[in-house]
Amino acid sequence: MIEQVKTRKRNWHTIYRLVLRKDETLEEVGSYRLTLLNIYILLSSLILVAMGLMAVVIFFTPLKRLVPGYAEPTQHPEYIKLSKKMAALEGELTSYKLYYEHFNQLIRPPDSINAPKVSYTSKVVTDKKGKDTNGKKVNSNEPAKAPNTVLNSSPGMTILNLADYRYLMPPISGVISSGFDAEIDHLGVDILAPHDTPVKAIWDGHVITADWTLETGYTIGIQHNNDMVSFYKHNATLLKRTGAFVRAGEAVAIIGNTGKMSSGPHLHFELWLQGKPVDPTQYIDF
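Using this note's numbering, the first residue of the sequence shown is number 1, and each one after it goes up by one.
It is worth saying that the hints were derived from the structure and are not from the lab.
Predicted model only: the values in this text are computed from it and were never measured.
Be aware that a few hints might be false.
[Stated by the list, open to error] Straight-line alpha carbon distances no greater than 20 Å define the calculated DMTMM-like cross-link-like pairs of lysine to aspartate or glutamate that follow:
id, residue 1, residue 2
1, Lys200, Asp285
2, Lys276, Asp196
3, Lys81, Asp227
[To be verified] Per label pair, the in silico range of CB-to-CB distance:
id, residue 1, residue 2, range
4, Tyr167, Thr213, 49 to 55 Å
5, Leu89, Glu183, 40 to 46 Å
6, Asp204, Asp279, 34 to 40 Å
7, Gly249, Tyr79, 43 to 49 Å
8, Lys276, Ser177, 20 to 26 Å
9, Thr237, His206, 35 to 41 Å
10, Phe60, Gly249, 19 to 25 Å
11, Phe245, Ala88, 18 to 24 Å
The C-beta atom is built at its ideal place from N, Cα and C for all residues, glycine as well.
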C-alpha cells in the first residue's frame, strides 16, 4: 500500500518531454519538459482566471439582472429613481388640482340650488297712510333694503355685511401709497413698509398659489372662508407653499420689489369676495 502511494507521487513528478514536429518533414519545432503536476496547475489556473473574468462581467454589467434571484426589481437604481420622480409629479399634480379647484370656485358663481340665499323681505313698518316711521312714502310690496351691504345681490349670492369682516388683520403695518381704483384696474392697495418687514395672513386659510410671475413677482394667494381670497404681491420671498394652512397673523412672505409692475419696495394687497375685488380699506384698519 505504501509502495503504491510512493509510486503515485513519483508519477506526479515524473518528467515528460513534449516535442512538436512538422507532419511533412518531421522537423522539430519545439520541445517542452512537463510533469503531470505542472499540467494540473496550468489547467487549474486557466479555469480560475476564466471564472473570475466571467464573474466580473456578470456583476459589473447589466448582465447581472439575468441572474435568477440576484435582486428584486424594486431595488434597481432606475426603478428607485423613477419611483421618486412619480412621487414628486403626484405631489405637484395634487397641488395644481387644489389650485384649480379653489380658483374654479372663484370664477364660477355659486350654484343657485346649493348656495344659501338671503332674502330681505321683512315688512316695513308703515302707518295707515302708507308712510314709514320717517314720513317717507313706501311701497308695501317692495322688499326692505339690507343695511350696510357691500356687494350687490344676484341670484344665489349671499349678501355680505361689513360687520362680518371686522376681525380681519392688516397684512402689514405701513402707509398706503396708492388706494383701490377699479376704473384704472388697480384692484388693491399699495402699502409702504420698512425693508424685510414680514407680510402676514389676514385670516385663517389655505394657500392656493405661491409662485413668481413676470408682472407681480413673488405672489401668494390665500383662500379663506365665506368665499374670501386675499393676494399679496411684489414680495421679496415667499415663506409658504401651495396647499399649506396658515393662521391669522402668520408670516407668509417678506415685503419686496419684484415684478415689472413694481416701482419700489411695497406690498400690493388685494381682497376678493365671492369672485369680486373690493376695497380692502373698508374691511381692514391699516
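Numbered hints the structure breaks, given as an ascending list: 2, 3, 4, 6, 9 and 10
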